[in-house]
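Colleague: Work out the full structure: start from the sequences and follow the hints.
The listed protein sequences correspond, in order, to chains B and L. Residue numbering for the first sequence follows this note's numbering, beginning at 4 and increasing consecutively. Residue numbering for the second sequence follows this note's numbering, beginning at 9 and increasing consecutively.
Heads up, simulated SDA-like pairs for lysine to any residue below, C-alpha to C-alpha not over 25 Å straight-line:
id	chain 1	residue 1	chain 2	residue 2
1	B	173	L	253
2	B	135	L	60
3	B	93	L	49
4	B	173	L	59
5	B	270	B	51
6	B	209	B	244
7	B	173	L	264
8	B	197	L	147
9	B	209	L	131
Think of the hints as simulated: they come from the structure by calculation, not from any bench.
Chain by chain, the residues run as shown.
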Amino acid sequence: MAKLIQFLALFCSILLVSGCMAQHEGKLKIIGSDTMVILGQAWAERYMELHTDKTVSVTGGGSGVGITAIIEGGTDVAQSSREIKESEIKRAGANGANPVKTEVAYDGIAIIVNPSNPVDQLTIDQVGAIFKGEIKSWGEMGGSDGPIGIYSRESSSGTYEFMKEHVLKKADYAPSTKYSSGNAAIVESVSQDKTAVGYVGVAYAKQRNDVKILRIAKNEGPGYLPTKEAVKSGEYPIARSLNFYTNGEPKGEAREFIDFVLSPEGKAITEELGYFG
Amino acid sequence: MKRDLFGNAMGRLTHIVAYTSIAVIALIFVFLFLEGYRIFGYEDPAHLFFGTEWQPTSENPRYEMLTLIVGSLFVTLGAMAIGVPLAVGCAVYLSEIAPQWLEEILKPAIEIIAGIPSVVIGFFALVVLAPLLSQVFGIPSGLTALNGALMLAVMIIPTVETISEDALRSVPRGYRHASLAMGATEWETIRQVVVPSAMPGIGVGVLLGFGRAIGETMVVLMATGNASMIPTGFLDPVRTMTGTIAAEMGEVARGSPHYFALFMVGCILFLISFGVNLVANQFIRREDR
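Modeller: Shown next as C-alpha cells:
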C-alpha cells in the first residue's frame, strides 16, 4: 500500500513537472485549413525531431476556423488556403487582433474525374460552367452523354471559397452539388462515380491512381496539368498560395517554426507532399 | 428529528435538481431563439420556411430551409420504415420466443450497436455501403437518402428494441396464461394479446428512435451527399438540418445572417424533437392509466 502511494506520488509529480515544462517551453498551436493539415503535420514532425524540447500541434477544421481562432486568440498560427476576407479583417479589428500573412507554399487545385471518363482537358470557363450547373452533360465536352455528378467541399473550406471566387466567378454552385467535408471524401466519391467531377488539392489527387487529373487551359491556349512548373509560372490557372496567419508579425516560437518551413529542409518536405515550396 | 431534517434537505435538493434541468432546457431554447429570430430581419418567413434555395454563401444569399427540413424528415422516416420492424420483431423474439442462452448472446450484441461511434458508421456508409448501393441500383453515386436511412436504421435499433422489449416484458404473465388457457396458440397470444398490451411502450420506443435519428449528425453528413435539393426519391441525395449546422457553423461569421439562419435551423430541430418527446410522454401517461 505504501509502495502504491509512493508510486502515485512520483507519478503525479512527474505529470506536474512535465505539465509546467510544456507550458514554459515552446508549445506552438496551429489550427486551420484542412488542405494544409498533412503539410503542417509533416513540418511539425521534422521540426520536433530537430528540437526535441518543442511541441507543435496541428489540427484542421477549415481555413475559416483557423482565422477565427487567430481573431479570438485561440491559436498561435492559423493555416489558411485563402486570403483573409474583408469581414474577417473587420472582426479582427473589433477584437484588437492584427492577422499578418506569410506565404509558405503554393498549391494547384486539381480538377478530377473518374478514370473511365474520356474527357482529358477543359477550359477554366468550362469548369466554372460545370460547377454552376450550366453545362449539364459530359456529351457537351466530348464525353459520353449523361448527367454530371458535381462534388464540392463544404462552405467552411478555403478551397470552396477559392473555386467560387476564381472559377465560378462568384456565382453559386449548382443545386445538385453534393458536399463532402474533406478532400479525401471527394477523391473517394469521384473514384466511385463514373459521372463525377470534383476539385481537391493536388497532393490528394496525386496519391491516388483511381481518379484522373484533368488538363486545364486558360480560355485560349494549351492545357496544363498542375505540375510545379505550371503552378509557379501561373500557366496552370487554378492555383493559390498557402498561408500562415499570425497575430502581428510572427515572433518567438512562431518565427522559428516559419523560418524552418521556409528553409531548404522545410521546402523539401513541402515538395515531397506534392505542394510547391 | 435529525433524520427528518436530513430527509427534508435531500427532498429540497432533488427539487432543485429537477427544476434546474427544466431551466437548462428552457434556457437552451431561449438562447437558440434569441439568436435565431433575427433572421426574420433578412428573410421573410414565407421564403425562410417554404423556399427551396439554401445558398447561404452566395453573393445574393438565400436562407430557405425547406430542403433541409424535408431532407431530415426523409432520411429519418426512411430509417424508421427500415429500423422499426426489425427492432420490434427483435424485441418480440427476445422477450417471447428466444431460449435463455440465445438471449444472452443476442442482447449484448444489440447493445454493442449503440456503442459504435457514429463517425465509424458514417465512414462505413461512405466507403462500403455507398459503392454497393450505386452498383445495386445502377446509379452514379451511392451517396443518397437511402444510404443515410440504412445506417440510421441500424443506429435506432438498440433504442427501439430495448424500450419495446421492456414494454413486452412488463405485460403481466396472467394475460399470456389466460390466452393460452383459452386455447389460443403461442403466435395468436403474441399477436393479439401481448403486443397490443405493450403498444404504448412500443410507441414510446419508436418515438425515441425518431428523436435519435433526426438528431444524428455525423452519419448523415458523411452518407447522404448533402445536396440541397428537394429529393424525388430515396435514390436522391439530401441535405439534413443537423448536417448543415455541423458543416457550416465552423466558418460562419458571428452575428451574420447566415449565423442567425443556422440558429433558426437549430430552433426547428429543437421544436421537432420537443414535439416528439411530448407525444412520447402522452403515450407513457396513457400506459400508466
